[in-house]
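Q: Chains as they are written, first to last, in the numbering used here: chain A, 1 to 114; chain B, 1 to 114.
Any given hint could be a false lead.
[Stated by the list, open to error] Per label pair, the in silico range of CB-to-CB distance:
hint: 1; chain 1: B; residue 1: L99; chain 2: A; residue 2: I60; range: 16 to 22 angstroms
hint: 2; chain 1: A; residue 1: T12; chain 2: B; residue 2: G51; range: 42 to 48 angstroms
hint: 3; chain 1: A; residue 1: S84; chain 2: B; residue 2: P8; range: 27 to 33 angstroms
hint: 4; chain 1: B; residue 1: Q22; chain 2: A; residue 2: K113; range: 38 to 44 angstroms
hint: 5; chain 1: B; residue 1: K9; chain 2: A; residue 2: E66; range: 34 to 40 angstroms
hint: 6; chain 1: B; residue 1: G102; chain 2: A; residue 2: H82; range: 42 to 48 angstroms
hint: 7; chain 1: A; residue 1: S72; chain 2: B; residue 2: S80; range: 38 to 44 angstroms
hint: 8; chain 1: A; residue 1: S84; chain 2: B; residue 2: D38; range: 22 to 28 angstroms
hint: 9; chain 1: B; residue 1: K14; chain 2: A; residue 2: T12; range: 29 to 35 angstroms
hint: 10; chain 1: B; residue 1: S84; chain 2: A; residue 2: S39; range: 21 to 27 angstroms
hint: 11; chain 1: B; residue 1: S84; chain 2: A; residue 2: I60; range: 32 to 38 angstroms
hint: 12; chain 1: A; residue 1: K113; chain 2: B; residue 2: S67; range: 44 to 50 angstroms
hint: 13; chain 1: B; residue 1: P83; chain 2: A; residue 2: R22; range: 30 to 36 angstroms
Derived by calculation from the structure, the hints in this document are not laboratory data.
The model shown is predicted, which means the values in this text are computed figures rather than measured ones.
No residue lacks a Cβ here, since even glycine has one placed at the ideal position from N, Cα and C.
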Amino acid sequence: AQSVTQPDIHITVSEGASLELRCNYSYGATPYLFWYVQSPGQGLQLLLKYFSGDTLVQGIKGFEAEFKRSQSSFNLRKPSVHWSDAAEYFCAVGAMEYGNKLVFGAGTILRVKS
Amino acid sequence: NAGVTQTPKFQVLKTGQSMTLQCAQDMNHEYMSWYRQDPGMGLRLIHYSVGAGITDQGEVPNGYNVSRSTTEDFPLRLLSAAPSQTSVYFCATLIQGDLYVGYTFGSGTRLTVV
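Chain A on its own, in the form it takes in the complex (with noise of 0.2 angstroms):
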């Protein structure tokens, strides 16, 4: 079966520092994948995605993240964190070979520290 793991439940990280999240995935067939961030209490919103071409992806509000094949991983990072990207992330992966049905990783919490 199809699916994301996300390793790390909550991060705490300062600001002003680098921040990674981790992503893998166990597809079968040539996945797309997105990161997702989400506010308390608000909708999803889209950071970036990857559907083919260049693995190293630049998103929204300086983040970027870079698909690696052979590690079956899509991990997100920043270089320099703000206060205001304390949210909930979620990976997702989806393939046309299944139906384009999106499988999301259970989210990380990220808390920035001043």
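Using the hints provided, position chain B relative to the given structure of chain A.
A: Only chain B this time, still in chain A's reference frame:
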């Protein structure tokens, strides 16, 4: 262009009551889906539809019914609400092409079953 509209935004039900969560889109997307979000579990697919008259089950379909009589609407029905259905519900559409894939999410319905 409203995108994906979900109503209501908030709802409190008593155990055993029925209700319908509405999802409407004005983008003419064939693919629509319903997810539920629970703490620590990310979003899980309930039902999805690839076009009018076609629906299928996702990961957690029990207790929910759907129908798709038009391209625009994809209502989710709870026939007899249970406390375990307390959750935040998101509707989403999909558009894809040869070099593009994108999901559009509604703003969510927060349901409490007491």
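Q: Hint by hint, say whether it matches the structure.
A: A quick look at each hint next to the structure:
With their beta carbons about 20 angstroms apart, L99 of chain B and I60 of chain A fall inside the hinted range of 16 to 22 angstroms. Checked against the given bound of 42 to 48 angstroms, the beta carbons of T12 of chain A and G51 of chain B, roughly 45 angstroms apart, stay inside it. At about 29 angstroms, the CB distance of S84 of chain A to P8 of chain B agrees with the hint of 27 to 33 angstroms. For Q22 of chain B paired with K113 of chain A, a C-beta distance near 41 angstroms keeps the hint of 38 to 44 angstroms intact.
Range check, K9 of chain B to E66 of chain A: about 36 angstroms between beta-carbon atoms, so the 34 to 40 angstroms window is met. Taken as a hint, the range 42 to 48 angstroms is violated for the pair G102 of chain B and H82 of chain A, whose Cβ atoms sit roughly 26 angstroms apart. Under the hint 38 to 44 angstroms, the C-beta atoms of S72 of chain A and S80 of chain B, about 40 angstroms apart, fit the expected range. Judged by the Cβ atoms, the range 22 to 28 angstroms given for S84 of chain A and D38 of chain B holds: they are separated by roughly 26 angstroms.
A C-beta distance of roughly 40 angstroms is found between K14 of chain B and T12 of chain A, which places it outside the suggested range of 29 to 35 angstroms. At roughly 26 angstroms, the beta-carbon separation of S84 of chain B and S39 of chain A lies within the given 21 to 27 angstroms, and the hint holds. The hint said 32 to 38 angstroms for the Cβ distance between S84 of chain B and I60 of chain A, and at roughly 35 angstroms that hint holds. Checked against the hint of 44 to 50 angstroms, the pair K113 of chain A and S67 of chain B passes, with Cβ atoms roughly 49 angstroms apart.
A C-beta distance of roughly 33 angstroms is found between P83 of chain B and R22 of chain A, which places it inside the suggested range of 30 to 36 angstroms.
Going through the hint list in order, the structure does not satisfy hints 6, 9.
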